[in-house]
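Chemist: Sequence:
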Amino acid sequence: MASWSEFAADEPRLADGIRLLMQQYGPGFGYLATVRADGGPRVHPVSPVITDEGLFCFVVDSPKRRDLERDGRYALHSFPPEESDDEAYVAGHARPVTDPARVARLAHSHRAAPQVDWQVFEFTVDVAMLARREAGVPGGAGEWHGRPAVQVWLDPRAAAAGTAVVPEARSGCVGSRAARSAA
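Quick note: the sequence shown uses our numbering, first residue 1, plus one each step.
Simulated from the structure, these hints should not be mistaken for lab results. Do not take every clue at face value.
[As the list claims (entries may be wrong)] Pairwise CB distance ranges, derived in the manner of DEER restraints: (1) A161 - P80: 30 to 36 Å; (2) V60 - D38: 35 to 41 Å; (3) D52 - R111: 15 to 21 Å.
Beta carbons: idealized from backbone N, C-alpha and C, even for Gly.
Model the full assembly from the supplied sequences, consistent with the hints where possible.
Modeler: Next up, the structure:
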């Protein structure tokens, strides 16, 4: 399970592309999928926080928080841009941040309300994907057909353990040494 920082160091351009889509409206905005107690999926809008230190989410007391506390598996998908069908996807495991100094630093820098019952989770990265459509070409921005250029990164440890789940196969390019060796 790679940290966001480890992933970004291995694939900086891919990480930057994902960060741009997740933060396209200012603060982070995306959809978080968690695993319900009965094993089914649950999807929630969230505001992920991406820093040089990692990928985080402040989660209030809610079904999604209980899902993450019980079964840390997650998938995070970007909110769709208005001008294209580009998409970013990250999946891995969430774990509570328990170091009080780190929690305080993140809360202060991201203006988390101290009176709210939230828990900070750090999201590790087992797989990261970025799909882009070029503007002005068939299947480009705003069109529903055509094949996007796809970059996928797999954490070598998750790929070796068989825990990295790659999104539905798409035509396009596969990026990173880890993805090529796992493919």
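Chemist: Take the C-beta atom of A161 and the C-beta atom of P80, compute their distance, and say whether it sits inside 30 to 36 Å.
Modeler: With a Cβ separation near 32 Å, A161 and P80 satisfy 30 to 36 Å, so the hint holds.
Chemist: For V60 and D38, compare the CB-CB distance with the range 35 to 41 Å and indicate the outcome.
Modeler: violated (22 Å)
Chemist: For the range 15 to 21 Å, tell me whether the beta carbons of D52 and R111 fit it or not.
Modeler: holds (18 Å)
In summary, the structure is inconsistent with hint 2 from the numbered list given earlier, while agreeing with all the others.
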